[in-house]
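Q: Sequence:
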Amino acid sequence: MKPPSFLLPNTGASLPEFSHLQEAATAARSCQRCPLWERATQTVFGSGLADARIFFVGEQPGDVEDREGAPFVGPAGKLLDRALADARIDRNLCYVTNAVKHFKWEPLGKRRLHKKPTSREIQACRPWLETEIALVHPGVLVALGATAAASIFGRPIRIGELRGRVTKAESFATDCLVTVHPSSILRARAPEDRDREFERLVEDLRLLKPFVSRYNR
Numbered sequence: 001m002k003p004p005s006f007l008l009p010n011t012g013a014s015l016p017e018f019s020h021l022q023e024a025a026t027a028a029r030s031c032q033r034c035p036l037w038e039r040a041t042q043t044v045f046g047s048g049l050a051d052a053r054i055f056f057v058g059e060q061p062g063d064v065e066d067r068e069g070a071p072f073v074g075p076a077g078k079l080l081d082r083a084l085a086d087a088r089i090d091r092n093l094c095y096v097t098n099a100v101k102h103f104k105w106e107p108l109g110k111r112r113l114h115k116k117p118t119s120r121e122i123q124a125c126r127p128w129l130e131t132e133i134a135l136v137h138p139g140v141l142v143a144l145g146a147t148a149a150a151s152i153f154g155r156p157i158r159i160g161e162l163r164g165r166v167t168k169a170e171s172f173a174t175d176c177l178v179t180v181h182p183s184s185i186l187r188a189r190a191p192e193d194r195d196r197e198f199e200r201l202v203e204d205l206r207l208l209k210p211f212v213s214r215y216n217r
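Following our numbering from start to finish, the sequence shown increments by one per residue and tops out at 217.
If you are wondering where the hints come from, they were derived from the structure by calculation, not from laboratory data. A hint or two may mislead.
[Said to hold, decoys possible] Derived lysine to any residue pairs resembling SDA-like cross-links, with alpha carbons at most 20 Å apart: (1) K78 with E197; (2) K78 with I89; (3) K115 with P156; (4) K78 with L113; (5) K209 with F198.
Required output: the full structure, derived from the provided sequences and hints.
A: See below:
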């Protein structure tokens with residue numbers, strides 16, 4: 001059966017209810033809630049354990065993710081994998097997704113450069129994030145970067161405001177850890193800066209260890 005086209009002029013309009021993640025992912029492929037679908041290769045929905053205790057949210061797919069159709073498989077994803085390994089957290093037991101499901105970019109020669117999504121684009125995609133969280137029902141959300149944090153908390157967030165501690169995301173009645181997006185570490189020019197920020201990310205991720213057992217079902 002062909003999935004319905006989610007062409008909704010009102011970006012705040014709700015989605016139908018889905019019974020499982022695959023059903024939602026199939027429907028999201030035809031999403032046209034904002035103009036980003038026009039230039040993206042495909043919708044990049046979340047992936048991972050369907051009842052994961054730890055639920056990661058990034059900003060949007062990158063160039064590699066847009067081509068491959070999976071979240072966090074590019075350079076930032078590989079760095080996240082390293083950080084999770086150092087924090088002794090198995091990525092296979094987590095769920096990973098993005099606040100925005102289409103790659104927003106601008107051309108520079110033959111390259112496609114990442115462009116930050118607007119608040120309207122984030123809001124248009126939030127119902128998909130709400131759907132994923134409702135279906136996975138995680139023990140803790142992890143906001144990777146300011147865009148992810150803004151989507152989760154429903155307001156602009158400075159990373160330093162909440163970093164280094166677990167707080168409550170009231171709109172989801174779920175604990176949340178806010179940290180940097182791995183791509184920000186990759187952008188650091190000096191190797192010592194990259195190493196320092198990587199270690200800080202690992203320290204943040206270690207705060208998730210109690211949730212693996214505390215919410216184990």
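Q: Evaluate each hint against the coordinates.
A: We went through each hint and held it up to the structure:
1. Restraint check for K78 and E197: satisfied, since their Cα atoms lie roughly 15 Å apart, inside the 20 Å limit.
2. For the suggested pair K78 and I89, the alpha carbons sit about 14 Å apart, so the restraint of at most 20 Å is met.
3. Restraint check for K115 and P156: satisfied, since their Cα atoms lie roughly 18 Å apart, inside the 20 Å limit.
4. Restraint check for K78 and L113: satisfied, since their Cα atoms lie roughly 19 Å apart, inside the 20 Å limit.
5. For the suggested pair K209 and F198, the alpha carbons sit about 18 Å apart, so the restraint of at most 20 Å is met.
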